[in-house]
Amino acid sequence: MLDRFFYREKGLFLQSLHPLSALVYIAVLLTLALMFNHPLYLLGLLSITVAAVKAVGGFDAWKAFLKISLGATSVIIIVNVLTVRAGQTVLWGGPHIPVFGRLDVSLEAILFGAVMGLRLLLIMSIFCLYNFMIHPDRVLDLLSRFSSKSGLVLSLAARMFPAVVSRIDGIREALTARGVDFNAGTLKEKMSKYAVLMKILLLTFLEDSMETAEAMYARAFGSGRRSCYVRENLRPRDGACLAASLIALVTAVYGWSKGLGTFGFYPQAGNLIDGRTGIGFLFAVIFLLSFPLLLSWGWHIWPFLKSKI
Amino acid sequence: MKKVLSKILFWSGFGIIPVFMAAAMSGKTTISGEWGVAAYIVIFAAIALMYLGFELETSSPREIAVIAVLGAVGAAGRIAFAALPNVQPTTFIAISSGYVFGPTAGFMVGSTAALVSNFFLGQGPWTPWQMFAWGLAGSSAGMVKSLSPRIGRWGMAFFCLLWGYFFGWILNLWSWIGFVKPLNWQSFIAVCAASFWFDTLHAAGNAAFCLLFGPGFMKILERFRHKMEVT
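Protein chains in written order, with the numbering used here: chain U, 1 to 309; chain D, 1 to 231.
Simulated from the structure, these hints should not be mistaken for lab results. Cβ atoms here follow ideal geometry from the backbone N, Cα and C, with glycine treated the same way. Fair warning: there could be bad hints in the mix.
[Stated by the list, open to error] Just the calculated beta-carbon pair ranges, DEER-fashion: (1) D:Trp154 x U:Gly259: 53 to 59 Å; (2) U:Pro236 x D:Val230: 32 to 38 Å; (3) U:Asp181 x D:Ser148: 17 to 23 Å; (4) U:Ser74 x D:Gly216: 30 to 36 Å; (5) D:Phe196 x U:Ser166: 34 to 40 Å; (6) D:Ile189 x U:Leu187: 28 to 34 Å; (7) U:Ser74 x D:Ser60: 48 to 54 Å; (8) D:Ile189 x U:Gly71: 19 to 25 Å; (9) D:Phe196 x U:Ile286: 56 to 62 Å; (10) U:Glu189 x D:Lys227: 30 to 36 Å; (11) D:Gly152 x U:Arg159: 45 to 51 Å; (12) U:Arg159 x D:Lys227: 36 to 42 Å.
Produce the entire structure from the sequences given, and follow the hints as far as they go.
Below, the structure is given as structure tokens:
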């Protein structure tokens, strides 16, 4: 399973975007998720993100992200309940706890924790989308234009990783054939057996690294500026998605600076829809962010559009 | 001049985080009172500064290849020890690399291990914080070597043990800043208390790695450092 990336190439529209357009779209989603704290905004962004995850065929993996988020949400609620004293609607007045003071469980703290749990799920979903939308090699390729050495280190390590994992299996099999049982013994004994495995692994790959360095010398690495070949082209679809993302960001920042999309939790939770909600503004942002999804839908059902973008 | 600039950039990357944390706790809030966006900007800026520091340093192909190998082995170590809960040699490998090859190499090994392993395990909001935490573990080991060259086996084990907790606390920063209000010491302690047992397992694993195969591991790395210097 670990001999290939988490990313799966499926030839889908969102996967065909230029890495820059895709990264900007993900970055805008992440910024908005961290900027707004209104439950309706977070729900709107979550629905767009989950739809995008589905469009890149990552819905099954998203369920695992959902499970992690639900577990972490309970911790977030507990921490907020323990530390927040600003809520007015006290549900239970508890004892005095050292460091934290008097434990008063307020409705506002629970609500804030739950909404932050929703934000966490949204952020996890955005990263799930990233995992299925952009091939790591394309990101590293983009990175290597600005940072040749770090980009090379990352590319080399990413290439070596599957080889290291398969070598671990090989060494483990060889040691098992010689009578080493990795599942037997105490924790200390188990760690000692793994230590032998890691030592062999390290020695083998460090020796190999010398050969890699020789190959780099042979290709005149370091003698001048690293050659960089542009394989990615910005197509009309990239321009459209990039523009939609940036307009969404500018619109969102403008509305946010006017106080839209913010929800007052303390001292008493406000109404879900009031003057600061800005429903029209929310729909505008959601429409702009759903533009790549609309293009994706059109790309799959309309050959003419596919030929033009 | 280039060397000095690379050092300044590299270490200023680390300096950003404590300054940011102090600002978050000072009570002076951002426009909407949310620190989440600022936290991501700061962590990406810190990592970018340190990568820029590495870019400006003069590195031979051998150094680059060794850093890449150690990063890949550190990443794969997360898989090899998956059967033992939260016991992973990545922190130990980053610390050993930093101790032997210096702070910049230590940072690169730690951050590469985090990023590359997550290409295969799945990237998450924790990725930049893992890159920073493991990178910092590697760099701090390089500093320890220059401050105390004869730290000894037990001293090193204690250092690895501490890093089990530091790593957890750095990772807790993103959940604390993004999802908890108010940002004060009490709330930070509450977040760290929630992860205490995970961090303790990580810390105990680090110390055990150091005691069990620290000397052998260091010997191999020292041998290769020597090999790189003489050839």
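So, going through the hints one by one against the coordinates:
Distance hint check: the CB atoms of D:Trp154 and U:Gly259 are about 57 Å apart, consistent with the given range 53 to 59 Å. Distance hint check: the CB atoms of U:Pro236 and D:Val230 are about 56 Å apart, inconsistent with the given range 32 to 38 Å. The given range of 17 to 23 Å is broken by U:Asp181 and D:Ser148, whose C-beta atoms sit roughly 40 Å from each other. Hint check: U:Ser74 to D:Gly216, Cβ distance near 42 Å, so the stated range 30 to 36 Å is violated.
For the pair D:Phe196 and U:Ser166, the beta carbons lie near 36 Å from each other, so the given range of 34 to 40 Å is met. In this structure, D:Ile189 and U:Leu187 meet the distance hint of 28 to 34 Å, their C-beta atoms being roughly 29 Å apart. Checked against the hint of 48 to 54 Å, the pair U:Ser74 and D:Ser60 passes, with Cβ atoms roughly 50 Å apart. Our hint of 19 to 25 Å for D:Ile189 and U:Gly71 holds, since their Cβ atoms are close to 21 Å apart.
Distance hint check: the CB atoms of D:Phe196 and U:Ile286 are about 40 Å apart, inconsistent with the given range 56 to 62 Å. A hinted range of 30 to 36 Å for the beta carbons of U:Glu189 and D:Lys227 is consistent with their spacing of about 33 Å. Taken as a hint, the range 45 to 51 Å is violated for the pair D:Gly152 and U:Arg159, whose Cβ atoms sit roughly 37 Å apart. The hinted range of 36 to 42 Å is not satisfied by U:Arg159 and D:Lys227, whose Cβ atoms lie roughly 23 Å apart.
Going through the hint list in order, the structure does not satisfy hints 2, 3, 4, 9, 11, 12.
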